[in-house]
Amino acid sequence: MSALIEASDLTKKYGAHVALDRANFSVQAGRIVGLIGPNGAGKTTALRAILGLTAYEGQLKVLGREPFRERTKLMDDACFIADVAVLPAWLKVNDAIDFVAGVHPRFRRDRAAALLAKTQITGERRMRELSKGMKTQVHLALTMAVDAKLLVLDEPTLGLDILARRAFYDALVNDYMDDTRTILITTHQVEEIENLLTDVLFIEKGRIVLDSSLEEIATRYAAVAVAADKSEAARAERPFYERRMLGKIVLYYEHPNLEKLAELGEVHTPSISDLFVAKLSGGAQ
Amino acid sequence: MNTTVWLVRREFWENRAIWLIPAVIGALLVLASLFGKVNLNLPAPLPAHAFGQLFMVTVAGTFFAVMSIYATWYLLDCLYADRRDRSVLFWKSLPISDTTTVLSKLGTALIVIPLVYFAAADATTLLMAFIVSVRGGSTIGAGVWHLDLWVQLQVLWMYLIVTTAIWYLPLAGYLLIVSAWAKRAVMLWSILPPLALLIAERWFVGTHMVARLLWERMVGWVPLAFHVNPGDGLWVTTVVDNDTIRTPQSLWSFLNVTGFFSSPETWLGAAAGAALIIGAIQLRLRRTEI
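Sequences listed follow chains H and Y, in order.
Residue 1157 is where the first sequence starts when you use this note's numbering, and the numbers rise one by one after that.
Residue 55 is where the second sequence starts when you use this note's numbering, and the numbers rise one by one after that.
Do not take every clue at face value.
[What the hints assert, rightly or not] One-sided excerpt, in silico: chain H residues whose CB lies under 8 Å from chain Y:
#, residue
1, P1244
2, I1253
3, G1258
4, V1259
5, G1315
6, L1319
7, F1396
8, Y1397
[Claimed, not checked] What the simulated footprint calls covered on chain H by chain Y, stretch by stretch (three residues with Cβ under 8 Å from a Cβ of chain Y suffice, anywhere in the stretch; the number is not a length):
#, stretch
9, 1222-1229
10, 1400-1411
Keep in mind that the hints were calculated from the coordinates and are not lab data.
Backbone N, C-alpha and C fix where the C-beta goes; we use that ideal spot for every residue, glycine too.
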C-alpha cells in the first residue's frame, strides 16, 4: 500500500524557532490518524505544510504532490477545515454552496444540501447570524460534500459545546468515512476522538515521537496497576512512566513481559490519552 | 474562466459598496435634478452643445473621482480582509490558485469597479438629462440630446478605464503588496514606506527624486493621456452677445491616444506594476496569519 502522506526530515523554522525539526512520518490510505501533541509542539505547522499553506524544508509528498508548489491541484483531492469559524461573516449559506459548486470539480451539491437539511440552518442566512456550532455544521457540510481522498481537520471543534462536538464527530464517522477516504485530525480533546482513530502520531518539540497504529500500540505497550507493596518488583521490569492513582501505582511499559506483569497486577492497554501523557512526561527514551 | 466569474461574484458579495456607493451618488444627483434649480443663468450663455458637454463631463467626473478613491481603498483592503477574518483558510482550501485570486481582485479594482461606475454614471446622466430637459425646457433639452455627444461619452469612459488601468498598475501592485503583508493599519503602512523614503532622501542626499517620481506617477497620466490644449482646428468658436466662447468640437479632441500608448513611461510603469503584482502573489502564497 502506498502512503498518502510521506514526510521525511520535514523542517520548518520561524526565525530562530524550530517548529518542525526533521519530522518523519507517513499516513496510509483509508486510515483515521490523530496528530497529537502539546501546545506549540508543531501540530498546526505540520498540517499547514501538508496543505500547502506554508513553505518548508525536507521532503513532503501528499497524494503524490508537493503541497506548497502544487496546492491548487492538491485541493482537487484534499480538503480541510483549519480552525473553527473561518467562513467569512458576509457569506450566505446558499452563496457558499453555489460558490464551492462553481469552483470545485468534485463538489456534490446534492450532498451538501442533504447534510444541511438535517440542521436548523436556512440558506438565506449569513455566517454572521449563525452560532459557532452552526458555522461548523455549514463548513463540515461543504467539506463533506467534496469527494476528496484526504480530509484534514485542525482543531475542528475548538470552542464548541459538547453537543456540537458530538454531532460533528458523529457526522464525520457516519456520513463521511469509508475505506476510500483518509482523515488526519488534530485536537486538544484526545478523549473525544480516541475511539474513532486507527492510527496516532505523537509530536513533541517538532519531532514525531510515536507513529503507530492502534493495533501496534496494543501489542507494544502495556500498563499495569499494582499495589504499593509490589512497586519495586514492577519497577524492576523497567517501566518508562509511572503514576499514583487511588493508592495504587500504574506503570507503563514498552515491549513488556506480559507474563511477569500479570503476576503483579491487572494488565491493560493504555488509552491514547494515558499513553500520550506517559510518553511525553516519562521521557521518550 | 468560470472560476474567475465566481471570484468576481464573490467580490460583489463581500463588498456591497462596489454598487451601493455609485447607486447612492446616482440617486442623489437624480434627486438634485428633480428638485434643484434648472433655469440656469450663466453669465455668458453657453451654446447648448457646450452645456451638454459640460453637464456630461461633470457627472462622469464626479463618478470617476469617487471611483478612484474607492478602488484605492478596495485594493488596500482586499487581501488583508481575508487574513483579518481568517477566511483565507477557507479560500485556500479550494482548488483556486493564489495567482487567480490576486488577479481577480486586481481585475475587480481596475476593470469591474470602473465598469460599474461607468454604468451608474450613464444611467444617472440619462435620467438627469431627461428630468432636466422636461423641467428646464427646450434650451437645456437642445444641449443634452445629441447622439454624437453620447457616443463620445462612452468612448471617453472606456478610454479612462483602459488608460488608468495601465497607468496605475504599479500603484495597484503596491497596494496589493501592503494588503497581503500588513498585520494591521493597512492605510498607515501604505503611506509610511514612501514617506520614509522621501524624508530619508531629503535628509541624507538632499535631493527629492523619490518625491518627483511619486508625483509623476500620481498625476502624470493627465498630461500624457490628454491634450490639455487641443490644436486650434479642434475648437468651435461661438459669439454670444459680443462674447466669444471657445468650446471643444468633440470630447475626443482631448484624447491623446498615441501620446499615451507610445510613451515609455506608460510601459515602464506597467512593467514595474507587473513585478509588484508578482510580489503580491508571492506574499499571498506565504502569509496566511494576520
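Structure-based check of each hint:
{"no.": "1", "hint": "P1244", "result": "holds (4 Å)"}
{"no.": "2", "hint": "I1253", "result": "violated (12 Å)"}
{"no.": "3", "hint": "G1258", "result": "holds (4 Å)"}
{"no.": "4", "hint": "V1259", "result": "holds (5 Å)"}
{"no.": "5", "hint": "G1315", "result": "violated (13 Å)"}
{"no.": "6", "hint": "L1319", "result": "violated (24 Å)"}
{"no.": "7", "hint": "F1396", "result": "violated (37 Å)"}
{"no.": "8", "hint": "Y1397", "result": "violated (35 Å)"}
{"no.": "9", "hint": "1222-1229", "result": "holds (count 4)"}
{"no.": "10", "hint": "1400-1411", "result": "violated (count 0)"}
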